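*Asks:* Sequence:
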Amino acid sequence: MQLTNFSFLDSRNHFLSAKSFHKVAMQRLSTGTRLERSGSDAGALSQSMRNMFEMMGDRSFITNLQNTRSFLHSQEAGLNTALETYNRMEEITIRATDPTLSQSDRSDYNDEFKVLTEQLTEIMESEFNGRKLFNDSLI
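Counting in numbering that gives the first Met the number 0, the final residue of the sequence shown is number 138, and the numbers go up one at a time with none missing.
Calculated directly from the structure, the hints in this document are not laboratory data.
Since the model is a prediction, treat every value here as computed from it, not as a measurement.
From the three backbone atoms N, C-alpha and C, an ideal C-beta is built for every residue, glycine too.
Treat the hints loosely; a few may be bogus.
Stated by the list, open to error - SDA-like mimics (lysine to any residue), calculated; alpha carbons at most 25 Å apart, straight line:
| no. | residue 1 | residue 2 |
| --- | --- | --- |
| 1 | K113 | I93 |
| 2 | K22 | R49 |
| 3 | K113 | I61 |
| 4 | K113 | N128 |
| 5 | K113 | T80 |
| 6 | K22 | D9 |
| 7 | K113 | E75 |
| 8 | K113 | S103 |
| 9 | K131 | M54 |
| 10 | K131 | Q74 |
| 11 | K113 | T67 |
| 12 | K22 | S10 |
| 13 | K113 | D135 |
| 14 | K131 | V114 |
| 15 | K131 | D107 |
| 16 | K113 | L78 |
| 17 | K113 | I91 |
As the list claims (entries may be wrong) - Ranges between beta-carbon positions, derived for each pair:
| no. | residue 1 | residue 2 | range |
| --- | --- | --- | --- |
| 18 | E124 | S101 | 30 to 38 Å |
| 19 | Q46 | L15 | 29 to 37 Å |
| 20 | L64 | E117 | 31 to 39 Å |
| 21 | M88 | F127 | 43 to 51 Å |
| 22 | E117 | N50 | 52 to 60 Å |
| 23 | T67 | E117 | 26 to 34 Å |
Please construct the entire structure, taking both the sequences and the accompanying hints into account.
*Replies:* Encoded structure:
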């Protein structure tokens with residue numbers, strides 16, 4: 000014969016399981032988390048995964064924007080250099096039309112003009128991560 004109080008043991012088990020459920024609920028309330036494991040709430044898990052994928056997409060979008068910004072800064076620097084080169088070419092052209100210049104001075108201006116033309120070609124053929132900064136229509 001076994002000397003146990005079955006109703007006491009049964010009520011004790013119910014009390015302990017209710018206490019553990021209460022502890023879990025209080026922990027969720029205090030931390031603000033709904034998920035401790037994947038089986039706790041399927042809806043919350045779905046929402047959590049959706050938020051995680053949105054954040055990954057946002058990070059990719061931000062990275063793409065930063066890369067585009069760097070590309071545009073490189074283009075801007077190239078265009079500023081081209082503008083300075085064109086301004087110098089214009090100045091050389093105007094100076095070369097001076098009737099008092101000697102042939103050697105005109106030859107020097109012509110040599111500098113050729114160097115500037117080569118510099119413009121290099122600017123227009125420059126690349127950023129293997130992609131051309133400028134297309135052929137600008138040339």
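*Asks:* Please list, smallest to largest, the hint numbers that this structure does not respect.
*Replies:* Numbers 2, 3, 4, 9, 11, 15 and 21 - these are the hints that the structure violates, sorted from lowest upward.
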